[in-house]
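**Q** The hints should help you fit chains B and C onto chain A, whose structure is shown.
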Amino acid sequence: MAARKTSVLLFFFMFLALSSAFPRNKNKYKPCKHLVLFFHDIIYNGKNAANATSAIVAAPQGANLTILAPQFHFGNIAVFDDPITLDNNLHSKPVGRAQGMYIYDTKNTFTAWLGFSFALNSTDYQGSINFIGYDPILIKTRDISVVGGTGDFFMHRGIATINTDAYEGEVYFRLKVDIKFYECW
Amino acid sequence: MAARKTSVLLFFFMFLALSSAFPRNKNKYKPCKHLVLFFHDIIYNGKNAANATSAIVAAPQGANLTILAPQFHFGNIAVFDDPITLDNNLHSKPVGRAQGMYIYDTKNTFTAWLGFSFALNSTDYQGSINFIGYDPILIKTRDISVVGGTGDFFMHRGIATINTDAYEGEVYFRLKVDIKFYECW
Amino acid sequence: MAARKTSVLLFFFMFLALSSAFPRNKNKYKPCKHLVLFFHDIIYNGKNAANATSAIVAAPQGANLTILAPQFHFGNIAVFDDPITLDNNLHSKPVGRAQGMYIYDTKNTFTAWLGFSFALNSTDYQGSINFIGYDPILIKTRDISVVGGTGDFFMHRGIATINTDAYEGEVYFRLKVDIKFYECW
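Residue numbers (this note's numbering), protein chains in the order written: chain A, 10 to 194; chain B, 10 to 194; chain C, 10 to 194.
Among the clues, some could well be false.
When chains are identical, the list treats them as one kind, so a pair holds in a single copy or across two.
As the list claims (entries may be wrong) - Taking lysine-lysine pairs in the PhoX-like style, the calculated list, with each CA pair at most 25 Å apart, reads:
#: 1; residue 1: K189; residue 2: K42
#: 2; residue 1: K116; residue 2: K39
#: 3; residue 1: K39; residue 2: K149
#: 4; residue 1: K56; residue 2: K116
#: 5; residue 1: K116; residue 2: K102
#: 6; residue 1: K189; residue 2: K37
Because the hints were derived from the structure by calculation, they are not lab data.
For reference, chain A alone in the conformation it holds in the complex (with noise of 0.2 Å):
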């Protein structure tokens, strides 16, 4: 019985050695406040005006402002105004909207980096959320940093993860959300 009793603790202090090496210390805290929203971007492509949500805005030399540029896109900023759902439907009421830019910010595949904010006015959440951070496409779930909010996110900070949800050619994307905020106030 004793033996076992060792054994039991050498692997629970096996067990913790093994956490406190794991570099990733992200599972180690529990959110003080979490959401998950959609939103949804649909890029202008010189013919649908009134349906789209963004606008590619500036291009390296020869790309031009409709067509996303060669090169995996690289130098485009677009700037978004999107809907934000509380599901992944883009007719649902919006609870608010995306609005910033994102700009591709690779030669030899897709990656974005991203500046932006979420203005959301619904009977739960009055305030905005800021967002900064890198965004490697075409993975599947990607971090970037919540590094401020205002009204009901007063001086909140966090992880938002991202997750391309869905997409249509290069026209239409719909991005889920994960808001886990660590710093609430």
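**A** Chains B and C alone, transformed into the frame defined by chain A:
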């Protein structure tokens, strides 16, 4: 007398209850530092190169770089280098520069997304303050995030309340910025 | 002897007093994590498409996208995807990519506004670091804000001191980045 004391206490606790039920907890906290500053933006319109402090550098297809785009200027990116003053007079001695960009990002009203810094260089303050946020221009006061700082504002975080103090057509506008730091170091 | 002890104590308290009077409190804090990295930027000039790691994608009226704008490049936005190395050799094995944008934002000298991320992918570090800040390029060392991180840099904040370690004309420059995290998780 005892009854009166009880009712006062009751009122007191009701007040506490109401305070904590209020969803915006902004008022619970006292800033650890507080600054009020003004900055002045003169947009380049093709004729005012000498005076202009900002320029449109990106715009969607069909728009140009000296006239703000139609449809509420959606997609315009302006880069600015604006003087910061202690009062609302454009000609007061600047205490620093506001530098960065704003993006017009709504198709059916005026809103902006801001990414900029205050670089302060006065006897009172030496250092930079970094701002990110969603700015619904037509609302009287708007809150954005102070996401960091350097020098005298080392590691600071807070909220900046922006107010369009004055404007002239689409060429000049003056912003009053009430900066409340809630995290000082 | 007693007098000497007193004067030593007096000196000690004077020192304390001076320390707390010093407005920049940066030196009071010890970083909880410290990294020194280099990144290498090769600006596209119309001829170096194979080697270039950044491109001008936006510029004010009259400027073009392969030559930096006159008047101190005011208004140019460059998007970059630069290799990060552990030493100052451009040809060392990269440990990650620096991705985002810089904006030239002064009419009468050279300054930039930076919004970018380090995406690190080495045996030592896996994760991203997000930076925002004002960069007065001509000053030897400049501080910007580390506003967040993911992976091994989950929720971190700090200060990055940037130093232009080398440059060649207006095509190549190398930045040394001394990252001091003061908030680790």
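**Q** All hints, please: hold or fail.
**A** We went through each hint and held it up to the structure:
In this assembly of identical chains, the alpha carbons of K189 and K42 lie at most 25 Å apart whether taken from the same copy (6 Å) or from different copies (24 Å). For the identical chains of this complex, K116 and K39 are neighbours neither inside a copy (37 Å) nor across copies (38 Å), given an alpha-carbon limit of 25 Å. Taking identical chains as interchangeable, the C-alpha atoms of K39 and K149 lie at most 25 Å apart only when both belong to the same chain, with a minimum of 22 Å there against 37 Å between chains. Only between protomers do K56 and K116 lie at most 25 Å apart by alpha-carbon distance; the minimum there is 16 Å, versus 27 Å within a single protomer.
Only between protomers do K116 and K102 lie at most 25 Å apart by alpha-carbon distance; the minimum there is 18 Å, versus 37 Å within a single protomer. Proximity of K189 and K37 under a CA criterion of 25 Å is satisfied in both settings, with 13 Å inside one chain copy and 23 Å between copies.
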